[in-house]
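Chains as they are written, first to last, in my numbering: chain P, 1 to 382; chain H, 1001 to 1199.
Accuracy of the hints is not assured; some may be wrong.
As the list claims (entries may be wrong) - Derived BS3-like pairs: lysine-lysine, alpha-carbon spacing no greater than 30 Å straight-line: (1) K316(P) to K1142(H); (2) K344(P) to K241(P); (3) K240(P) to K316(P); (4) K241(P) to K316(P); (5) K241(P) to K291(P); (6) K291(P) to K271(P); (7) K1142(H) to K17(P); (8) K1142(H) to K344(P); (9) K344(P) to K291(P); (10) K17(P) to K2(P); (11) K1142(H) to K271(P); (12) K344(P) to K309(P).
What the hints assert, rightly or not - With beta-carbon atoms standing in for the labels, derived distance ranges: (13) D380(P) to R1095(H): 39 to 47 Å; (14) L1124(H) to P354(P): 45 to 53 Å; (15) P354(P) to D1129(H): 46 to 54 Å; (16) L246(P) to H1082(H): 52 to 60 Å; (17) P1030(H) to H238(P): 38 to 46 Å; (18) A1005(H) to A113(P): 23 to 31 Å.
Keep in mind that the hints were calculated from the coordinates and are not lab data. No residue lacks a Cβ here, since even glycine has one placed at the ideal position from N, Cα and C.
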Amino acid sequence: MKAMTYRGPYRVRVQEKDEPRIEHPNDAVVRMTKASICGSDLHLYHGMMPDTRIGHTFGHEFIGVVEQVGPSVQRLQRGDRVMVPFNIYCGSCWFCARGLYSNCHNVNPNATAVGGIYGYSHTTGGYDGGQAELVRVPFADVGPSVIPEWMDDEDALMLTDACSTGYFGAQLGDIVEGDIVLVLGAGPVGLYAAKSAWFMGAGRVIVIDHLDYRLERARTFAHAETYNFAEYDDIVVHMKKITDHLGADVAIDCVGAEADGNLIQHLAAAKFTLQGGSPTALNWAIDSVRKGGTVSVMGAYGPIFSAVKFGDALNKGLTLRMNQAPVKRQWPRLFEHIRNGHLKPSELITHRIPLEHIAEGYHMFSAKLDDCMKIVVVPDAA
Amino acid sequence: MAYTAHRPHPNPPAEELRARIPGWGVDLDPADRPSTPMLRFDPEASGAHWELPDRQPEERPREHSIEHAGVTPVFGTAQPLHGVSGAIRRYSYERFSEARAAHWLLLIAADRVEFAESRVTALLQGRPDNPISETGIRAELKYGGIRSRTGRNARRVDTAHTWIDPFLVAAPWLGGAALALAGRSVLRRTTRRRPQRAS
C-alpha cells in the first residue's frame, strides 16, 4: 500500500509499505478515504517530538471504510463508513472507566504520561497513522463510530480531532455567561474554540495571531474580535487595555509548541529542540487572563521542560486546565450542533490534495502558503 | 482610574448576542457539557466488553517505559528498534524514567542517529533520498511562496526565522561533508608525517 513516511526533519515521502494486519482480536483495518494534516503533525515534521522514527506514517485525523475486523469485534463490519478519533484507547482501564479516553493506560508502552495516538511517534505508542491507504485501528468496538448517514464526510473528518479539541478547550475554560474569552492562535483548533466559546455564553471572544488571513477567518467563521500581535509592541499590555485593565476571564492556548512572538523561545524549541515547546502563547495566556481566571491549554507541547511562567500563574491564583481531548465524549453534542446548523466544521478546509503530493502539502502547511488553513488528503484513486 | 467591583464596560446583553451569533448559549449550563465532570465513573459508556483487554502477541521484545509494570496489552508495532539508534533507544527506555531529561534527550539523539543510518542505507541500496521531492519545496512555486510572504501577508513574524530552515535541512549533509573533509585532512597529515627511512 502507499503511505506517507517520515524521512527526517522537514522531509516526508510517499512509498510502498506492508499492509497493516489484525494484530489483536479487537483490531480493525480501515481503508482511508480522507485524512488531514493537523498543526500538531508539524511538530513531528520538524523533528521536535522524541522517538519519531524514520519510516513512521503520520496522521491522526482520518475517516475511512472498514476493510477487515478481528474475531472479537461486535460493533463494526466490513464496509462500514467510520470516523476514527485520534485517541487509541481500551475503554476499560482506570482512566477510560472515568471518561479520560486520551489518558488510556493500556495502549502505550512507551510512556505513562500520554495515551495512544495514531501516527504520532513512538512516544504515543508506535502506531502508524492515517495518511496511508490502510490503517490498523485497535479497539474497534470502542474508538471508531459509524458516520451518520446525514453527515458530510469532511465534517466527520474535522470531528476526529481539530473541532472536538477546540470544543473541549472551551469547556476546560469553564466559561460562564458574559465571560471575556481570549483565544491565542487562529488556526483550526483556535477557531473551533472561539466558536464554541459563544455556545457557552461568552460575552466577548477575542482571537490573536500574526497571520492576517487567519484573523479574517476568525472574524467570519467565529465572529471574533481580532488583533494581530505583530502590530503591538507588547500584546499583553494591549489585552489589558481592552479588558478594563483586569484581563480576560478565560484564555485558551491553541498554539502550542511552535509559538511565534518571542524569537529566542521559538528558536530554542522549534529549531534546536532545547525545550519541549515555545511557551510564548501560554505565557501570554497566563499574563493576559485576570487574577483568579482560567487558562485552558489545547496547544500540544513535547515531553521535555519548557520555560513557562508558573510564578505569575501562582501569584494570580489561576486555574490551569489541560489535556489531550477525549474526542468521542464530545461527539454526541457536536453532532447536534452540526445538525442544528450552529456549526459547519468543514468550512475551514482550504486545500484538498492527493496522497502522492503530501510532501508539498506539508511544506505548504508548515510555511503557511496560499492562505492555508486546513489540508485534506485523499487517496490517489479517489 | 479607579478600579471598582464591576467591569466599567459591560458586554452586550444576551438577547443581542443570541441574535447576532449562531448558536449563542446552546451550551450555557456549565453542568450540561460533555466534559463535565471531567472524571465520571461509567465503565459501560465506552463500549468495551471486557474487564481487561486480551493481550496482543509480543512477536519481538517490545521496549517500554520503566514507569509501566510491563508492556501494555496493546501496542504499536510500527518501526521496531534496529541498528545503533535502536541500541540508544533501548538503553534510554531501560535506564531512565520519563521524569529524567536524559531519557528524552537520548531519544532525540537516537532520532538524529537514525536519520544518518537511513541515509547511508538508502545510498547502499542505490535508492538515495530526493531532497527536492521530500522537502516539498516545489510548493513554493505552486502555492505562491512570494505572494504568501509579501503584500498583506508581510506582517507575519515567522519570516524572522524561516531562513534558518534550509540550513537545518542541509545540516546533516554539511556535517557529513565536514566530517569527510576533516578525515581526509587527518589522513593526509598522517601520511606526510611518516618518518623517512635513512638510506
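Status of the hints after comparison with the structure:
Using a Cα cut-off of 30 Å, the hinted pair K316(P) and K1142(H) is violated, with the two alpha carbons roughly 48 Å apart. For a cut-off of 30 Å, the pair hint linking K344(P) to K241(P) is broken: about 33 Å separates their Cα positions. For the hint linking K240(P) to K316(P), the alpha-carbon distance of about 14 Å falls within 30 Å, and the restraint holds. Annotation: proposed proximity of K241(P) to K316(P) holds, straight-line Cα distance about 18 Å (limit 30 Å).
Restraint check for K241(P) and K291(P): satisfied, since their Cα atoms lie roughly 15 Å apart, inside the 30 Å limit. Between the alpha carbons of K291(P) and K271(P) the distance comes to roughly 33 Å, so the proposed pair goes past 30 Å and is violated. Distance hint between K1142(H) and K17(P) is fulfilled; the C-alpha atoms sit about 28 Å from each other, no more than 30 Å. At roughly 29 Å between alpha-carbon atoms, K1142(H) and K344(P) fall within 30 Å of each other, so this suggested pair holds.
Among the hinted pairs, K344(P) with K291(P) is inconsistent with the structure: their alpha-carbon atoms are about 35 Å apart, more than 30 Å. Distance check on the hinted pair: K17(P) and K2(P) sit about 6 Å apart at the alpha-carbon level, within 30 Å; holds. Of the pairs offered as hints, the one joining K1142(H) and K271(P) holds, with about 26 Å between alpha carbons and a cut-off of 30 Å not exceeded. As the CA atoms of K344(P) and K309(P) are separated by approximately 36 Å, the hinted pair breaks the 30 Å bound.
The hinted window of 39 to 47 Å between D380(P) and R1095(H) holds, with their beta carbons roughly 44 Å apart. A hinted range of 45 to 53 Å is violated for the C-beta pair L1124(H) and P354(P), which are about 31 Å apart. For P354(P) paired with D1129(H), a C-beta distance near 21 Å fails the hint of 46 to 54 Å. About 56 Å separates the C-beta atoms of L246(P) and H1082(H), a value consistent with the hinted range of 52 to 60 Å.
Here the CB-CB span from P1030(H) to H238(P) is close to 29 Å, at odds with the stated 38 to 46 Å. A C-beta distance of roughly 42 Å is found between A1005(H) and A113(P), which places it outside the suggested range of 23 to 31 Å.
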